[in-house]
Amino acid sequence: MILIIDDDSAVRSSLSFMLKRAAYEAQTVPGPREAMDVVRAEAPALILMDMNFTLSTTGEEGLTLLKQVKIFRPDVPVILMTAWGSIQLAVQGMQAGAFDFITKPWNNAALLQRIETALELTAVPKDAPEEQSETLNRSHIIGKSQGLMEVLNTVARIARTNASVLITGESGTGKELIAEAIHINSQRVKQPFVKVNLGGISQSLFESEMFGHKKGAFTDATTDRVGRFELANKGTIFLDEIGDLDPSCQVKLLRVLQDQTFEVLGDSRPRKTDIRVVSATNADLRKMVSERTFREDLFYRINLITVK
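All residue numbers for the sequence shown refer to the working numbering, where the first residue is 2 and numbers rise by one.
In short, the hints are calculated from the structure, not lab data.
There's no promise every hint is true.
To be verified - Here are the simulated DSS-like pairs of lysine-lysine, each with C-alpha atoms no more than 27 Å apart in a straight line:
| no. | residue 1 | residue 2 |
| --- | --- | --- |
| 1 | 253 | 215 |
| 2 | 191 | 273 |
| 3 | 215 | 273 |
Start from the sequences, fold in the hints, and give me the full structure.
Below, the structure written as structure tokens:
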């Protein structure tokens, strides 16, 4: 059962209808008190939860409810719902143990994919990892060190989900090979694997490179260009050196990952994209977040699973 917690009856009805059409059992409640009655009585498979239940938009009630849920049902994944302008609330929720967050208005396909990912990761057994790694297609990865086997065990556990993955490590430690292994062992294996070195893209060329452009969109646009997100559609996009991304470009990337839509330069029509995101960096992103050089909301969006 998926528990929906929102004080807006229209939102509850819309989410319940969407989930039931997708063959999920859904139960709705309007607020924290009713939610805790349900949570105490049984463990939902997943919780969809609004952050605001009063005229105030501080989100304190939502954060308190999340903490209460995690006390009683620590293993139940919680997906938070918030307005785009209140993403900082969702970040606080992620710090308090939420699995993921979406912004209102939401994209049904994107939300269902995140629900599926959360349920898959919750259901994946963590025992007998050696048996899991034995069935893994290693591609070009060789070696049997303890550290490598731990990484491969993680890859085996999460490859077939759609969870975003952040790979960290020094330069030359094979982060791209790990990203390829995730793709090869995923359900997207027959679709494109597109690598993007974000450290090599200037701020001025970011939109053209990632989103593409139409002929005449700017002075040097003499032909149409297909962007990386379009090339990677249905497959996996590998964002290497994501820690080098300029702050203004971080905002643009976050919007694509959040909404799963983008606009080609010179064409204002939104285009949908269905991609699995794997990122890599040799930087300490947590330190960069604390120094305000890397967006905290983007950090949580790309960091559902960490591979070190």
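So, going through the hints one by one against the coordinates:
1. 253 <-> 215: Measuring from Cα to Cα gives roughly 18 Å; hence the hint holds.
2. 191 <-> 273: Answer holds: residue 191 to residue 273 is near 20 Å, not above 27 Å.
3. 215 <-> 273: holds (17 Å)
Consistency with the previously given hints is maintained throughout, with no hint failing.
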